[in-house]
Structures are given as structure tokens and as C-alpha cells.
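Trainee: Sequence:
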Amino acid sequence: MTSGQPVATGPRTATVRRRIVVGSLVLAAVVSLTGCVSGSASGSCAGPELELGDSSLQPGGVVRLSVDWMWQTCEDTGGTPRAADDVDVTITPSVTGEAVVLGHPEPTGERFTVSGSFALPDDLPSGDAVLAVTSHGGDQTRAALPVSVEPAPGG
1 MTSGQPVATG PRTATVRRRI VVGSLVLAAV VSLTGCVSGS ASGSCAGPEL ELGDSSLQPG
61 GVVRLSVDWM WQTCEDTGGT PRAADDVDVT ITPSVTGEAV VLGHPEPTGE RFTVSGSFAL
121 PDDLPSGDAV LAVTSHGGDQ TRAALPVSVE PAPGG
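For the sequence shown, my numbering begins at 1 and goes up steadily by one.
In short, the hints are calculated from the structure, not lab data.
Derived DEER-like restraints, expressed as beta-carbon distance ranges: (1) 130 to 110: 24 to 30 Å; (2) 123 to 66: 22 to 28 Å; (3) 55 to 97: 20 to 26 Å.
Glycine included, C-beta positions come from ideal geometry on N, C-alpha and C.
Modelling step: build the complete structure from the supplied sequences, incorporating the hints.
Mentor: So this is what it looks like as C-alpha cells:
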């Protein structure tokens, strides 16, 4: 299928084609890997994970929890990380969808840990809920855990 033009053949043409194919593959690999690194500035920051301690998840009960890495800003690119300064512990019953603030703890230590015991309100509805520790400034760090609130004894 020629149009009267000479078709280039030979070892030199094959080498040029090979270089173009290899160069295209390398370029595609670089572009796809670049997307992985440039997506977020917090790639190496540890994410918070809420750990539930021995708790009485019922109206009038107490929830004990701990969360590490409650950042104000992560600063994984060379700055100094800071602990969050506006943290809420909340529980949101699925039946109401309204968050109930249980406390405002301050992160402490090298791992910016929030921990403590928080009283649950006497009128907390039983059923599924979400327990959350949330920072409202900077990176807005959040750790959440689905929980089940048991009915009050005798209720």
C-alpha cells in the first residue's frame, strides 16, 4: 500500500522505530507514576485510627477512646507538624443523624494523641451510631468508627 513514495526499510529504520516505541513506553510509565506522587501533599503522614477502649456504650455510659496523629497540619514536605487545636469527640446516632458533642480534648505527645473517657448523654438513642474524633482546622483530620449503642439497663 504505497502511494509511489519509497518505503524506508533496513536496519537503521528498525532501530529508529524501536527507539520510538521504547521511548513512548518509558514516557507512559513516567506519566502514570507521577500521578501517584503528585496527588496529595500528605502521602507519608500517618492517618488517624480510632481505638475503642473498655466502654459502656449505652445511655448514661462512658466511652473510652484513643486516636493518634490528630494533625493541625501534616507537614510531610519539610515543615514542623503541629497538633490539632480544635478537636471534637462526637457520637451521631443514625436514628437522628445529629452529632452529639461529648468533649473537646487536646492532642498531646509526639504522636498528637487524643485519649480519654467521655460521658454519653442519658437520652442517647440506642441503635447504630458513628463515634468520631474530628479536627476543624488545618488538614481537618478525622477518625470515625461505627458503633452500636445498647439500650439502657431496665429500659
